[in-house]
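Going down the list, the protein sequences come from chains G and W. Heads up: take any position in the first sequence, counting from 1, add 86, and you land on the numbering used here. Heads up: take any position in the second sequence, counting from 1, add 87, and you land on the numbering used here.
Hint data in this document are derived by calculation from the structure and do not stem from the laboratory. This one's a predicted model, so the numbers in the text were calculated from it and none came from an experiment. The reader is advised that the hints may include incorrect statements.
What the hints assert, rightly or not - Lysine to any residue pairs mimicking SDA-like chemistry, simulated, CA-CA at most 25 angstroms apart:
id	chain 1	residue 1	chain 2	residue 2
1	G	K112	W	A283
2	G	K112	W	Y248
3	W	K223	G	I224
4	G	K247	G	T200
5	W	K122	W	R219
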Amino acid sequence: MIVTFSADMLAQFAEIVARYPEKRQKSALLPILHIVQAEYGWLSVDAMDKVAAYLAIQPIEVYEVATFYTMYFLEPKGKYVLEICRTGPCCLVGAERIIKHVENRLGVKEGEVTEDGLFSWRGVECMAACGFGPVLQIGPDYTFYENLTEDGVDQLLEQLKEKAQQI
Amino acid sequence: MARKLLLTHIDVPGIEGFEVYRQQGGYRAVEKAVKTMTPDDVVEEVKKSGLRGRGGAGFPTGMKWSFLAKPEGVARYLVCNADESEPGTFKDRYLMTKIPHALIEGMIVSSYALGANTSYIYVRGEMMPQIRILEKAIAEAKAAGFLGKNILGKGYDLEIYVQPGGGAYICGEETALLESLEGKRGNPRIKPPFPAVAGLYGCPTVVNNVESIAATVPIINDGGEEYAKIGIERSTGTKLISASGNLVKPGVYEIELGLPVEEFIYSDEYCGGIANGKRLKAVVAGGSSVPILPANLVFKTANGENRLMTYESLADGGFQTGTMMGSGGFIAYDEDQCIVRNTWNFTRFYHHESCGQCSPCREGTGWMEKVLHNIESGKGSMEEIDLLWDIQRKIEGNTICPLGDAAAWPVAAAIRHFRDEFEWHITHPEEAQKRNFGLAHYAEPRQPVV
Ligand SMILES: Cc1cc2nc3c(=O)[nH]c(=O)nc-3n(C[C@H](O)[C@H](O)[C@H](O)COP(=O)(O)O)c2cc1C
Ligand code: SF4
Ligand code: FES
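The whole structure should be built from the sequences, with the hints applied where relevant.
Here is the structure:
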């Protein structure tokens, strides 16, 4: 995907770069990648190359980071990516059941996109909410849903479908 | 015992905003420090308080601060570790959501003590809502003159910035965190040099946990000696405990260090007992990295003394019969939980999160994950239990950062205390497979609960 950063995005980039000492603009890489992903849904090679050019670093420095961290998507995903915690403490209170339920309801495997392009799901590691498990989050705002039940998941999916139609 | 210092005002409506926080006595510590104390005075109070790092290692905060190198003309940094990713730990997220100004106030006091003019709060990227909350709190503090140039007219300048991570447990390790803050992969650095000498951008840096930094506020308000009176021996003050698992009331609790573990689990003031009237089988007391304890070692040490929520008492008996306070991630397992499956889950986590620099960690965690999966699904052999033991022993102590140890210890402890359950999986392959996905009554619960 070929991208062009908007004036608004560029203003946000500049504000972030100003947080670090001179010549340390590379520190802005992770925050800027979050902004780019929030805008386009994932990080295309072109988007990463343009971030590299903006920060005056090598493209490889951007790829290294984008592949290391789990939050960056290197391919298109569903509009809503349900990220469900799959780590020990959440499993004690039913996370595995919820994951199965989401998989059944969406009818796609982990990482795949539903036919309507609306949903993907994946298991993620402990999200620092273990006492309120099972939990899931949805980017790019990382809205958080706690104490999940099967019914709750069904309702959430309905809400998201409605929301998608309104936009 | 119900002493609170950090969560005192948690139920006051509007406490997340500057106005209410200030009305409740907020930012007095900044006023006191900046107007009446030298930076060294602040360090001295923190030393006297006996505060130990709340991020997991329990290293004395005042001592860490006094190691900070101070070469002329070189910037110094305070970096707050808000990466909170250790399974079982969720206190920092809670604190930042409910009382963000407690962290910001602590950041100002601590930065002043260290002579830092720019400080960063490194928050795990998934906590976008908390990042917005902190940014708002920073703007409010700045508007009120507690941050920015010439704070309270006393000539001290400070800017605080919030930095998001990208999703990687390893970035909680302090040198990986600094690499990440510099815009790189989160590969831990070889130490020495320690961050106190060469940290962020090669400058002297202190990395502290959210809760450690927030604790400096009551320490400055009441004095280090007062703080040191709370708690027992070298476990001074209060601690936030994240309680999860099969409890009636999981959640975040502030306890005075020294509370008996039994009271923490069963008292209505805290967790209210084990959910659904079940019996307790085991506890992981300090986050997934610390050794699991069977119920018979949770309430009493091997010497028969009451087990207390202190650094010393939890560690009593070493790894043979004790565990660690760690980050205070307290996970309770009821009689239905499968220790083998839990161990496999944790090992899968560490394999997933290994940065891959050291072969014992990169290869060993993957190998353990496979073997544990085999055993858990009823396809294992008795030799594989010994193999697991051997692998974890060869990881421990042989890696650049402590993630290797953190992956090894839970496996060792599970085999040490629940070997019969591993054997059960091997001798009952069909039942193990049938129950592979569900939660089943496997081995006998270790001990009827007192
Ligand atoms: C793999 C690994 C993960 C860690 N994760 C965290 C974390 O999420 N939060 C934290 O405060 N400390 C974490 N630590 C400990 C930090 O390296 C460091 O000791 C701590 O931030 C120091 O702060 P304190 O002295 O205030 O505890 C982790 C350590 C390791 C080895
Ligand atoms: S122990 Fe593991 S996580 Fe730590 S540096 Fe080595 S490979 Fe990376
Ligand atoms: S284990 Fe799911 S949030 Fe911690």
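Hint check:
1. G/K112 with W/A283: Given pair G/K112, W/A283 holds - Cα atoms ~22 angstroms apart, limit 25 angstroms.
2. G/K112 with W/Y248: Roughly 15 angstroms separates the two Cα atoms, so the pair holds.
3. W/K223 with G/I224: holds, 22 angstroms
4. G/K247 with G/T200: Satisfied, since the Cα-Cα distance of roughly 12 angstroms is no more than 25 angstroms.
5. W/K122 with W/R219: Violated, at roughly 30 angstroms.
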